[in-house]
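**Q** The chain contents come next:
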Amino acid sequence: MSPDPGSDFGPDLVEVFGPSQQDGGPHLVQLLTPEGERAEHPEFSFVPPDGQDEVETIRGFYRDMVLTRRIDTESTALQRHGELGIWAQLLGQEAAQVGSGRALRPQDYVFPTYREHGVAWCRGVDPLRLLGLFRGVDQGSWDPREHNFGNYTIVIGAQTLHAAGYAMGVQRDGAVGTGDPERDTAVVAYFGDGASSQGDVNESFVFAASYNAPVVFFCQNNQWAISEPIERQSRIPLYQRALGFGFPGVRVDGNDVLACYAVTQAALNRAREGSGPTFVEAYTYRMGAHTTTDDPTRYRMSADVEHWKLKDPIARVEVYLKRNGLADQDFFDGVAEEANALGAHLREGCAALPDPSPLSVFDQVYAEQTDELAGQRDGFAAYLESFEGEGAHA
Amino acid sequence: MSPSSSKVTLAKALNSGLRKAMESDDKVVIMGEDVGRLGGVFRITDGLQKDFGEDRVIDTPLAESGILGTAVGLAIRGYRPVCEIQFDGFVYPAYDQIVSQVAKMHFRTQGKVRMPIVIRIPFGGGIGAVEHHSESPEAQFAHTPGLKVVACSNPVDGYWMIQQAIASDDPVVFLEPKRQYHSDKAELDETATPLPLFASRVVRPGTDLTLVSYGPRVKTCLAAAEAAAQEGRSVEVVDLRTLSPLDMGPVLESVRRTGRAVVVHEAHVNLGMGAEVAARVTEQCFYSLEAPVLRVGGFDTPYPPARIEEEWLPDLDRVLDAVDRTFDF
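Chains A and B, in that order, are what the protein sequence lines are. Here this note's numbering is used: position 367 in the first sequence is 367, and no number is missing along the way. Here this note's numbering is used: position 79 in the second sequence is 79, and no number is missing along the way.
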């Protein structure tokens, strides 16, 4: 994806952006290598949340990532068994989601896509509530107000504007830059590399920059928008676009949970203190399909997938913990047991999710019900009742 | 004239209504292009930024989807955004946010998240403008479940309806007949008790035929009824005011008495509001009808160049022509 060399017009893009972006390029923030070695970075370092032990925090990240992966694999299996209509897989993106999700404070607010299952986990959403949407019994039944975690947004990029607007509200509430860690609030917009081409995403950058809104744009560049590679969306590294909008952009190793945590924490702090938006590009890879309906063998090379397998976000933490004697086998067994229990919870819970009543469709179209809809509901109810005894529409 | 009563234009009435709404609820924010220092290209928000500050009257970047998308976020945070779309033809960049987000959020969240957003759109023609400045997109929004759509036709309604729309916990597309902003004045009594927002109203009683309209063509219909009266026909005029939900009560009651109905709007006739009104009248007043319900509106073409817009629009004569045709049955 090298930009055009040799143009006489304007700067030499190769000079500006560097010769190669392979494996994230020279500006990738990495604090834990794929081999499980801690690394230093001049700007970012891993500092656990206030008062928390570093090893405990990293063990917690490991647990979160294993459980997140289990939510994903279990749900994929449920789709294969016909229990879900579709599932959007996150395999490979556990570190990006857990690292960023764990950097949030309770008062922060998240605007997710439909793939943020790991962030949902960090926000305390029962993953069973995610399944309702994919099973087709509701549109996501968690309460956004309870978790400060918005509903999944399926229109690509639309939620980034909601995040910018919510952040404008935070500013008007005086919840930025007070220095009170329980009051100052940041907003996170999650989106992907494909969404970076959407008008809404670019408009959200303009609004956030114009008002200096406390929002973090967290882009998981997983290299693929269904079948379209990142090269179809951008001729330059995505994080470099931020400068053109007037705020900083950082590229972080999206498979490195420590780096994702550190960079997101720094970006959230900038937002909370009133320094405005930040673009974080988590450079990662979509190991699975776009969704369970997709077939990536039609458009990408298995060698690429193999290459990224070596960068697995969970394996590197496991190696780090084991090699340094920071967790014993009991710990790993315990997490595996928890994952099994979570899998059982999803299997049993999913099958038990009740289908909604056909009449419920009328209930929440409006805050104030209209006579028209109430009339349609009554008519449909009477129609359904007319079948009673025939068993057709019971 | 009582002290609380004065003659005002539609522009002034809307401005006063917005001011009242902002005074009574500090969560109300106005946002749009040029709404602040300039007071809007039609001056509807004149002076509001000066009095309520830049945080409550927000000049936005020039991006309609951005305006509506950030309004969604503000609403989630507990605000009540009133968005101004500068001209009807510029609403389309925001169409996705309106249809896929604003309209569906309450349903999607099973009522946990409300969208008390007002989308003000100056609509209709007659100002001699270039392309995209004279359109009537109401059917596209009335067709969208989750939105409510209203249109005011006079200063008094404008004053009350904008306040009621802002107080609504549902999103309201609020259509303003732009050609009337600065033309006619009406007596506004701020102490009066207004009609509910989602109610249509008989604005001229009659016995022989019912004209149904809204927004800028109510005035045309009233003039047509006056002209018809001179020919000995008693024409009743209903101002729909609310397009979604439709308040068909006064229309049906009227048609059951008159047996004839003509629906008039500036929007294209094909699949316009007139089609819906005609269908409902036919379904519910079938045995009262002496003639099919006729529709008079813009032709099914793009809005014309300004020099022929008055011919294209359903004027007094075309309305009377339709009235005559219903009596041929």
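Just so you know, these hints were derived from the structure itself, not from any lab. Keep in mind the model is a prediction, meaning the values are calculated, not measured. Note that beta-carbon positions come from the ideal geometry of N, C-alpha and C, so glycine has one too. The reader is advised that the hints may include incorrect statements.
What the hints assert, rightly or not - Short derived list, chain B residues pointing at chain A, Cβ under 10 Å:
#, residue
1, 6
2, 72
3, 100
4, 103
5, 106
6, 109
7, 143
8, 227
9, 245
10, 250
11, 318
12, 322
13, 325
**Q** None of the hints should be skipped; say for each whether it holds.
**A** Against the structure, the hints:
no.	hint	result
1	6	violated (32 Å)
2	72	holds (5 Å)
3	100	holds (5 Å)
4	103	holds (9 Å)
5	106	holds (6 Å)
6	109	holds (6 Å)
7	143	violated (13 Å)
8	227	violated (34 Å)
9	245	holds (4 Å)
10	250	violated (13 Å)
11	318	violated (30 Å)
12	322	violated (27 Å)
13	325	violated (30 Å)
Of the hints listed earlier, those the structure fails to meet are numbers 1, 7, 8, 10, 11, 12 and 13, in rising order.
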